[in-house]
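A.B. asks: Next come the chains, spelled out residue by residue.
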Amino acid sequence: MSAALAITAPAIREASLLRLLTCGSVDDGKSTLLGRLLFDSNAVLDDQLEALDKDSRKFGTHGDERDFALLVDGLSAEREQGITIDVAYRYFSTPKRSFIVADTPGHEQYTRNMATGASTAELAIILVDARKGILPQTRRHSFIVSMVGVRHVVLAVNKMDLVGFDQGVYDRIVAEYIEAVATLGFTSIVPIPLCAREGDNIAGRSPRTPWYRGANLLEYLENVTIAPAPDQARRLHFPVQWVNRPTLDFRGYAGTVATGTVRAGDGVTVLPNRRRSTIARIVTADGDLAEAVAGQAVTLTLTDEIDVSRGDVIVHDGSVMQARKAIVVRLLWMVDRPLRAGQGFIVKIGTAEANAEVVALRHAVDIHSFQNQQADSLPMNAIGVVDLTFDKAIATTVYGRDRELGSLILIDRMTNQTVALGTVQDDTPRQANDNVRGRTVLALVGAAGSPQRRRLWSSVSRKVVEAIVLFLVVAVLSRNGWLALAVTAANVLLRPATDRAAAWVWRHLSADATHPAVSGHAD
Amino acid sequence: MRGLTHLQRLEAESIHIFREVIATADNPVLMYSIGKDSAVLLHLAIKAFYPAPLPFPLLHVDTTWKFREMIAFRDQRAKELGCRLIVHINQDGLRAGVNPFASGSRLHTDVMKTQSLKQALDRHKFDAAFGGARRDEEKSRAKERVFSLRSAEHRWDPKNQRPEPWHLFNTRKRAGESVRVFPLSNWTEADVWDYIAQENIPVVPLYFAKPRPVVERDGTLIMRDDDRMVLRPGEKIEMRSVRFRTLGCYPLTGAVESEAATLSDIIAEMRGSRSSERQGRVIDHDGGASMEQKKQEGYF
Chain A
1 MSAALAITAP AIREASLLRL LTCGSVDDGK STLLGRLLFD SNAVLDDQLE
51 ALDKDSRKFG THGDERDFAL LVDGLSAERE QGITIDVAYR YFSTPKRSFI
101 VADTPGHEQY TRNMATGAST AELAIILVDA RKGILPQTRR HSFIVSMVGV
151 RHVVLAVNKM DLVGFDQGVY DRIVAEYIEA VATLGFTSIV PIPLCAREGD
201 NIAGRSPRTP WYRGANLLEY LENVTIAPAP DQARRLHFPV QWVNRPTLDF
251 RGYAGTVATG TVRAGDGVTV LPNRRRSTIA RIVTADGDLA EAVAGQAVTL
301 TLTDEIDVSR GDVIVHDGSV MQARKAIVVR LLWMVDRPLR AGQGFIVKIG
351 TAEANAEVVA LRHAVDIHSF QNQQADSLPM NAIGVVDLTF DKAIATTVYG
401 RDRELGSLIL IDRMTNQTVA LGTVQDDTPR QANDNVRGRT VLALVGAAGS
451 PQRRRLWSSV SRKVVEAIVL FLVVAVLSRN GWLALAVTAA NVLLRPATDR
501 AAAWVWRHLS ADATHPAVSG HAD
Chain B
524 MRGLTHLQRL EAESIHIFRE VIATADNPVL MYSIGKDSAV LLHLAIKAFY
574 PAPLPFPLLH VDTTWKFREM IAFRDQRAKE LGCRLIVHIN QDGLRAGVNP
624 FASGSRLHTD VMKTQSLKQA LDRHKFDAAF GGARRDEEKS RAKERVFSLR
674 SAEHRWDPKN QRPEPWHLFN TRKRAGESVR VFPLSNWTEA DVWDYIAQEN
724 IPVVPLYFAK PRPVVERDGT LIMRDDDRMV LRPGEKIEMR SVRFRTLGCY
774 PLTGAVESEA ATLSDIIAEM RGSRSSERQG RVIDHDGGAS MEQKKQEGYF
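Chains as they are written, first to last, in the working numbering: chain A, 1 to 523; chain B, 524 to 823.
Treat the hints as calculated values from the structure; they're not laboratory data.
Take the hints with a grain of salt, since some may be wrong.
As the list claims (entries may be wrong) - As a list, the in silico BS3-like pairs of lysine-lysine whose alpha-carbon atoms are at most 25 Å apart:
#, chain 1, residue 1, chain 2, residue 2
1, A, Lys392, B, Lys759
2, B, Lys682, A, Lys58
3, B, Lys641, B, Lys570
4, B, Lys696, B, Lys648
5, B, Lys696, B, Lys682
6, B, Lys733, B, Lys696
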């Protein structure tokens with residue numbers, strides 16, 4: 001499998017790009033894991049390795065051994081304290097995929113940097129120290145990850161060497177985590193037992209976890225498929241970024257398509273003023289395009305001379321998108337001074353800015369239970385739901401429909417600091433339940449094409465074949481179809497119980513024999 | 524984002540960043556350092572504002588020790604593209620006789636690059652400066668924001684950077700403050716070369732191998748570009764087939780022995796390489812965190 005190369009041919013690299021982040025509590029080994037991933041995919045070059053060995057002797061925490069965390073902790077304060085302060089972006093490729101990894105800090109103090117790394121990610125690796133299990137920070141990071149719309153999680157149970165690669169410890173952590181995040185709506189949760197420092201299950205199967213049958217980390221990252229968000233808008237959202245007026249004859253609206261596809265001739269409405277026109281041209285330096293899709297930076301011209309400026313949003317006629325002066329937002333508050341109702345800020349949504357006021361703090365979210373709580377202020381790193389009003393209408397939509405126009409930052413008017421990030425919520429109760437039910441089923445059977453789904457199918461088909469064979473054998477031997485049917489049915493019904501009993505016996509036998517490798521069924 | 528190639532996504536993201544600056548800054552400038560990253564940066568800037576002409580000037584901070592071929596290339600490109608080019612030289616440093624041989628790489632870089640850049644930004648009152656830095660170049664750059672706020676004294680505070688979630692850049696600043704903006708943040712060296720090949724962007728010929736006069740000094744191959752480089756006893760000039768992976772002041776830039784004379788040759792050579800592009804940079808090796816320190820002091 002992963003005979004990975006540092007740099008591969010462009011045609012292959014362009015096949016797909018996965019953006020992910022690593023997160024988890026302090027000292028769970030995030031930087032070590034990422035350093036190890038870079039090393040195992042041959043993305044660390046000789047002179048960097050030489051510098052690493054030198055640094056390892058100076059700052060390292062493992063004697064003269066290589067300390068892979070020093071590959072990614074680039075600030076001197078980080079190296080001295082042995083912690084990650086700021087999000088670092090790392091780039092590596094294998095023959096199958098390119099990766100952009102945000103390595104984010106575990107300290108609660110730097111939660112804002114963790115959230116920043118999560119905001120553009122498609123998948124999160126959440127690390128847990130096998131000795132410590134699920135910590136408050138594990139829950140907080142899981143919540144933030146789900147808040148910004150990441151739907152795929154790898155639960156990396158790290159430092160397995162320090163618990164003797166004990167499957168029981170691993171199983172307990174996995175079960176506890178799955179229960180803890182049951183309400184967060186992840187599409188998939190894939191647990192993997194790791195020892196990042198020594199490379200177990202990073203790029204190959206570890207001989208020290210024979211009970212683990214799943215994919216190793218790199219293999220999984222290379223193969224996971226990320227489907228677009230189920231509710232994502234399919235029609236055009238085009239926030240106008242800059243008006244391009246080089247001559248009296250040309251007036252173009254530069255911007256990046258947020259959702260949907262725009263074609264010359266499309267009938268459009270410009271929000272917030274709801275003026276209507278038609279797309280005349282899609283201009284780029286490489287010539288006019290017939291259409292532009294989400295993510296493309298283009299310049300649109302319209303057939304009519306209407307007033308359009310930065311912050312306006314061009315949508316297809318009949319779009320449900322609206323300009324609004326009041327919205328409900330889930331906020332992550334990021335500075336020392338607490339947030340209270342009545343405070344005023346500058347809000348930035350897409351390319352629009354306005355004065356905004358937090359008129360009410362509806363509730364805070366308890367980071368342990370994920371339940372809503374009454375609160376009259378939000379301290380730093382807390383999450384809450386607020387009512388926000390603007391001094392002018394801004395085109396915006398629910399975050400699940402459009403990550404670009406459903407997200408915002410709040411800026412302090414005095415200091416110009418970015419004090420909060422937020423996602424626009426649906427403030428009208430509607431048929432949200434349909435989606436929730438779909439996701440729960442998906443979490444059990446796994447997404448289409450995922451290893452979880454494949455495992456499910458293989459186990460179901462194995463059981464069907466077993467049942468048929470058993471029926472035939474008994475039927476031929478006894479020449480009694482009814483007896484065969486009864487035996488087969490008994491087997492199907494009683495098997496889970498006998499399996500569990502056998503596993504229990506084995507676990508106790510093996511514990512007595514201090515032989516951790518033999519511990520019954522794993523899957 | 525479906526349907527777009529990796530390079531198309533990077534290109535769009537960079538264009539978005541350029542436009543965000545022009546929409547919010549009063550007086551931007553593009554830091555043009557003549558190398559391959561600057562070539563890509565300039566190409567993207569022109570695309571971002573098409574059909575309008577480039578709405579800001581180029582600034583080159585000249586240390587007077589750049590390769591002569593770089594200077595010729597710079598002047599030719601500016602003329603071809605019709606861009607306004609500002610060349611700034613720190614006259615105080617020149618008068619004081621600061622140079623990479625007598626003063627050492629550290630002092631030379633500080634006076635002729637870092638201080639000189641600050642002089643130029645102050646003199647022209649630029650409030651936003653585009654740079655071609657990439658996060659994959661160096662560890663402390665991996666932590667840099669796309670929009671990096673600098674105090675009125677041009678200092679960078681790595682512990683107090685503004686969060687940049689999604690593509691929501693906080694472009695606000697107080698009087699005297701400025702931003703350094705890095706549209707190539709998410710590009711890698713391989714992306715830069717692939718894009719140069721795809722878009723047919725001209726680059727300085729020094730990137731291509733050819734026989735050049737080099738001196739081996741302290742384990743590095745230095746190309747003797749003019750007679751200001753005095754040979755030490757025992758040193759001799761040899762003609763070797765060399766090229767450069769990065770370009771800077773010639774006494775501080777190591778050449779690599781190579782036969783790669785075309786774009787496809789150098790892309791192939793880079794893919795097979797086991798060393799990073801900054802290996803040839805003398806200043807990066809002044810100490811583990813030396814780049815971070817230079818950046819705090821205002822280095823690009």
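A.B. asks: Does each hint hold? Answer for all of them.
C.D. replies: To see whether the hints hold, each was checked on the structure:
no.: 1; hint: A:Lys392 - B:Lys759; in the structure: violated, 72 Å
no.: 2; hint: B:Lys682 - A:Lys58; in the structure: holds, 23 Å
no.: 3; hint: B:Lys641 - B:Lys570; in the structure: violated, 28 Å
no.: 4; hint: B:Lys696 - B:Lys648; in the structure: holds, 14 Å
no.: 5; hint: B:Lys696 - B:Lys682; in the structure: holds, 18 Å
no.: 6; hint: B:Lys733 - B:Lys696; in the structure: violated, 47 Å
Consistency with the previously given hints fails for numbers 1, 3, 6, ordered from lowest to highest.
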